[in-house]
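Participant: Next come the chains, spelled out residue by residue.
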Amino acid sequence: MKSSIRGAIILLAGVLSLSSINRIAAAQTGISLAMVLHDEIYVSYNGGELAPLTADRTAKAYPLWSQNGKKIAFVETNSDITSTKVVVIDHNGRTLASFPVHPGSSTTRNVGMRDVEGLEWLADQNIVVTGSINPSTTEYDVFDAITGRQLDQFFDDGRGMAFSPNGRQYAHIAGGPHFTPADEQANNLKIGHSTIFPLDQRKVTFLSAPQWSADSHSLSVFAAEYNGNAHYVVLWRENNGVSLVNIPFAADVVQAMFWSGSNLYLSIMSDPPPSPPEIWQVFGGKTLIRAAAAPEAARLAASAEALSEQMQELVAAAGGSQANFWCKDCALAALPRKTSRTD
Amino acid sequence: MFLQLWQKSVGKVTSCPGYVLALMLFAGAGVSLSHASSASSGPNLVTNGGFEASTSETTTPPGWTNIGHHEGVIPYSNFPQQPVYQGNNFYDLGGYGDPLGPIGDGIEQTVATVPGTAYTLTFGLSGENTGVSTETLTVTVGSHATNFPLTPTGTGLFTRPFTTETIKYSATANSTTISFVTTAATNGTGANDPLIDGVVFSATGTNTSAIAFARANLTTVLATGTPPAGTFSLSATRIAGSTNIAKASFATATTSGTNPATIDLADPVNPSTVGAPTAGGLGSFTVGYSVGANAATKSFQVPTFGMSCYSTPLESDWGSPIIPVWGGPPTACTPVTVNGKVYSSAITNPSGLAGTYCSAFIEEVITEGVGTLNNGTNVKYSPSTTQFSVVTSITGHDGTPLLPGKTVARDLRIIPDTGVKLSLHNIGNGILANDAGTAISGYRLALYKGAGKSVCNNFNNQIVIGACQPAEPNCPGSALK
Numbered sequence: 001m002k003s004s005i006r007g008a009i010i011l012l013a014g015v016l017s018l019s020s021i022n023r024i025a026a027a028q029t030g031i032s033l034a035m036v037l038h039d040e041i042y043v044s045y046n047g048g049e050l051a052p053l054t055a056d057r058t059a060k061a062y063p064l065w066s067q068n069g070k071k072i073a074f075v076e077t078n079s080d081i082t083s084t085k086v087v088v089i090d091h092n093g094r095t096l097a098s099f100p101v102h103p104g105s106s107t108t109r110n111v112g113m114r115d116v117e118g119l120e121w122l123a124d125q126n127i128v129v130t131g132s133i134n135p136s137t138t139e140y141d142v143f144d145a146i147t148g149r150q151l152d153q154f155f156d157d158g159r160g161m162a163f164s165p166n167g168r169q170y171a172h173i174a175g176g177p178h179f180t181p182a183d184e185q186a187n188n189l190k191i192g193h194s195t196i197f198p199l200d201q202r203k204v205t206f207l208s209a210p211q212w213s214a215d216s217h218s219l220s221v222f223a224a225e226y227n228g229n230a231h232y233v234v235l236w237r238e239n240n241g242v243s244l245v246n247i248p249f250a251a252d253v254v255q256a257m258f259w260s261g262s263n264l265y266l267s268i269m270s271d272p273p274p275s276p277p278e279i280w281q282v283f284g285g286k287t288l289i290r291a292a293a294a295p296e297a298a299r300l301a302a303s304a305e306a307l308s309e310q311m312q313e314l315v316a317a318a319g320g321s322q323a324n325f326w327c328k329d330c331a332l333a334a335l336p337r338k339t340s341r342t343d
Numbered sequence: 344m345f346l347q348l349w350q351k352s353v354g355k356v357t358s359c360p361g362y363v364l365a366l367m368l369f370a371g372a373g374v375s376l377s378h379a380s381s382a383s384s385g386p387n388l389v390t391n392g393g394f395e396a397s398t399s400e401t402t403t404p405p406g407w408t409n410i411g412h413h414e415g416v417i418p419y420s421n422f423p424q425q426p427v428y429q430g431n432n433f434y435d436l437g438g439y440g441d442p443l444g445p446i447g448d449g450i451e452q453t454v455a456t457v458p459g460t461a462y463t464l465t466f467g468l469s470g471e472n473t474g475v476s477t478e479t480l481t482v483t484v485g486s487h488a489t490n491f492p493l494t495p496t497g498t499g500l501f502t503r504p505f506t507t508e509t510i511k512y513s514a515t516a517n518s519t520t521i522s523f524v525t526t527a528a529t530n531g532t533g534a535n536d537p538l539i540d541g542v543v544f545s546a547t548g549t550n551t552s553a554i555a556f557a558r559a560n561l562t563t564v565l566a567t568g569t570p571p572a573g574t575f576s577l578s579a580t581r582i583a584g585s586t587n588i589a590k591a592s593f594a595t596a597t598t599s600g601t602n603p604a605t606i607d608l609a610d611p612v613n614p615s616t617v618g619a620p621t622a623g624g625l626g627s628f629t630v631g632y633s634v635g636a637n638a639a640t641k642s643f644q645v646p647t648f649g650m651s652c653y654s655t656p657l658e659s660d661w662g663s664p665i666i667p668v669w670g671g672p673p674t675a676c677t678p679v680t681v682n683g684k685v686y687s688s689a690i691t692n693p694s695g696l697a698g699t700y701c702s703a704f705i706e707e708v709i710t711e712g713v714g715t716l717n718n719g720t721n722v723k724y725s726p727s728t729t730q731f732s733v734v735t736s737i738t739g740h741d742g743t744p745l746l747p748g749k750t751v752a753r754d755l756r757i758i759p760d761t762g763v764k765l766s767l768h769n770i771g772n773g774i775l776a777n778d779a780g781t782a783i784s785g786y787r788l789a790l791y792k793g794a795g796k797s798v799c800n801n802f803n804n805q806i807v808i809g810a811c812q813p814a815e816p817n818c819p820g821s822a823l824k
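Going down the list, the protein sequences come from chains P and Z. Note that the first sequence ends on residue 343 in the working numbering; no numbers are left out. Note that the second sequence ends on residue 824 in the working numbering; no numbers are left out.
Any given hint might turn out to be false.
Said to hold, decoys possible - Going by beta-carbon spacing under 8 Å, a handful of chain Z positions derived as facing chain P:
(1) A619
(2) E711
(3) G712
(4) K723
(5) G780
(6) I783
Don't read these hints as lab results, they were simulated from the structure. These numbers come from a predicted model, not from an experiment. Just so you know, even glycine gets a beta-carbon here, dropped at the ideal spot from N, CA and C.
Okay, chain Z solo, but in the shape it has when bound:
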């Protein structure tokens, strides 16, 4: 603070060596000299955070990676009316490299971090401060973005004093990327582009806050933060599959002081309320918990599945044999038109099967491989022997019986193992995934409902929250991953 006041009072730019000397003199006495170091305890992990390592007005400052159009640093001496934050230069997200400063322009830097450790980012923020446009600087640390809208103060170009902004962050990886990008503008860019200076990112000590999850049921998660009296946040991202991931929100009774916080999970809105099923996806839900200077984040994953229904052929769906008035075995069936083709003949004792059946039904058993007679007997057809035979059960891809309402077909890329049982919201628990086929792709499941077309009547192709037991890499279980 001293330094800046002195800079203001003398009305000139302080040289870099002087600034460094001042830090050396006062730091040992516990005096905080810099805006940027006030909340930090470790060394600054950002390279060239003060933008002093170069003088080019069009080349990306050393240590930083450009995003969008290229910019260089601008010396405070070019705009004497601009209150100095520190050093000789600042960075303008719309400077001489591209004065129009389009949305999407910025810089970033990746630094080494230790997962679980608390860090603080501080930086000086100002704006070009002319025009009428509110421009928004988005600062992203890891996956956490913070917006800083800048509205012109009316005092004119390069007159707005810098303010020190602070973002707390708990690292989740061995490296963290920090970016500064202009992301929005109400009336175009170019006149009020953001200015930054004095970027410091440093560890503030071992994080003492933590989050623990407990799954109350398929659609409720309890997040407990420690120590108490912290504040929760919640965000969602898609990990795999479609964007139809679960919706997550804090329960209405949850306030900032509620601990544990109750997170409600809801099925996504089905974009197709009629017609073919839409796939679900795997969502990751990140909970943040802040207590004072400490912050913790922790994520859990929840899959959703687009549901459909399937059945196996039932004899009565395919017409009924007609008994001739003069007696004898049926030779015809009630005419059935299937997709434009009329089936009306009857077949007696097809290979391996006793009795008279409508040819349409026999054709269907050949097409699908199995069928159920009106008396409940299951039959199969073997293409290699061209024989029909009676079977005790109809089996799926895994070779185990299909059970109405209790088994599903899945995509083997999502649930590759056998013996996996699913809990499916509004459908049931303990549903065995034992069938598979190319028509079931991605985060999709088809529920087997038994024999006959009518068993799937009124089955809505909804998208539901699910959980696998045991958990699969792409299908987390009830114990949150």
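Isolated chain P, as found in the complex:
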């Protein structure tokens, strides 16, 4: 897999060095590229010519392939959120759906997000539109991708909403509004609109965003006692509820938490850096055991992120922006179907 990733970068770089925007190629067999160029959505299949799918000169953002690679969602941006729309097209540019994010009328107060800041597909059926309403609080609106009907709405306090891979469940941290001092917060983990932890009066601080397992049956989040020393992984399993896995390391050495299949792993900063991090696996839902190496899924995800970033830079160098890639079996398939304006 590594050699094919390298090949993709080299081939794409070579094409771009010709300074011909029309010859930007996704390069690796099976990759579809969508990007914004001159306010229009352009696509390229299998490294072929770039072709426009829109031509209405309306500013656009966040082109995003659906999970099956048959649809592209994007946002038609406007200086006023009431005129901002989500549009879904097929691979020929035919409009499948177009609906307003925050429709305006005499009895509608658009007091939520000021701008759309991201899109995410949920299992090809629904689309999530996100936008912040203050420096922390972010609004998540879930829409039916065909009818445009708003199905749900959430406000996350800053850690980020986590949608399960099957698109059916949502998890986020609540109870810590942006303008509320830490000592007055009552942070809690929610799945949907229901709190699952803590269910008692304990006061906790969440140190990460919730993360779903690939099978959507488990959820984890890193947490600590407020003003205390104990920190743990809050582990939720669909059939067993919540358990706490105590972490025998200092909180600041836990670099990352990731799922591989139904197994949960922690990446622990080794001593002294820059030695490779230690990988520990949550065993039996209660304890940690040292793992020999990071699971293949984690390495693939890291490779996919790196590849995506490099391809974004190449597209940007050629004048395009907000490139989104889709493939069925290549390394990039490890990336979630979401996009946002990056820093």
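Starting from the structure of chain P, add chain Z where the hints point.
Facilitator: Only chain Z this time, still in chain P's reference frame:
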């Protein structure tokens, strides 16, 4: 010069020992024998600059590091019609290792240098000289690149005499990398690939030129070069953040003889004129100043910030309580549809707060933590006690009051300290960075404008030049870093 003339006249390659002997004989008499040594006073810092240390035609010459495809040296004897520059061999950036000589091929070498010292690079340059393609050799010393386009002269393969090229450089670090790379070709590579020989890089003495900066205002920098009558240059690179760094250019009234030179800084073009804000970045702007053989370079950094606006909830944005015709306290509000949900109920005396309010407003105060009543009173909600209470001010991340138009939220990775005030082009000065949140990431700032959605109407999400006071490592101040 003698040596080359002699070589030409006898029509054969001079042996290396003979060349060395000639140098030994004439150098003490102050006679310049070599093209490469004419502008230099110190020893040659380049290893194997004459490409004489090996004979392999496919292996990278000793002392050099390969870039792209591998090449070796080529003896002049292989092409008797090629005028000799010096020694037995030259280097072809498209030789036997890879005759097609693709763009991106070359060699490089890193040498020890002393910051502030002036150096001169000289080398012989020629081309294979056939075909119709103009190929460009880019020679980079440190971060300074110079292009040498080579167009075939029409005299045929390996007939073009070498010319001596000179690049002056003032070192900025303890080591400097010198590279020779083919970077462009008008009609393909392979027939007119660059040839180099006699590479010399040596100190020409302590640099006597210097540059001083003064910041006239947020968007104007004065660069003063000494001694006078020099020539300025200007370049920009991104240090951190996005590529949306400030634009820098010499003022139109500035000519090559103008000293000090006025450098105008301009906000970058916002790639997204509508919609969500785009982040700025930290740019480094390098000014060069050359006076005769001396050259100085000096850089300053300027950040830009992608701006957005935020507000806090205002009661009147969320409907108005309806007084029943039969009297009594309101039990309903004007229906308000927010993101598909209709709010029409009213709440009287919610925990800790007297009066009747629209439920939509109360919901919003719970969501964000604060709100402002129609009479201007600020209220907060405590999730831990589920109580509302009146507060004298709304505070941000740092615990100090948010002031409309006078405070911003920042990314703590960019501005980690408290009490930092910003000057922001076209927005204002003395703006306190006292709020923060995960939605503000990178070179982004959100300007607090007060209570109510309307305060952010017509606020353009622009990208502006900024300066921090006091300066932060990632946010330089007005006193140029």
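Participant: Run every hint past the structure and note whether it holds.
Facilitator: Each hint tested on the structure:
1. A619: Hint holds; A619 of chain Z Cβ to chain P Cβ min 4 Å, cut 8 Å.
2. E711: 5 Å, holds
3. G712: Holds, about 3 Å.
4. K723: For K723 of chain Z, the interface hint holds, since the closest Cβ of chain P sits about 7 Å away, which is under 8 Å.
5. G780: 3 Å, holds
6. I783: Check passed: Cβ of I783 of chain Z comes within 5 Å of chain P, closer than 8 Å.
In the structure shown, no violation is registered for any of the earlier numbered hints.
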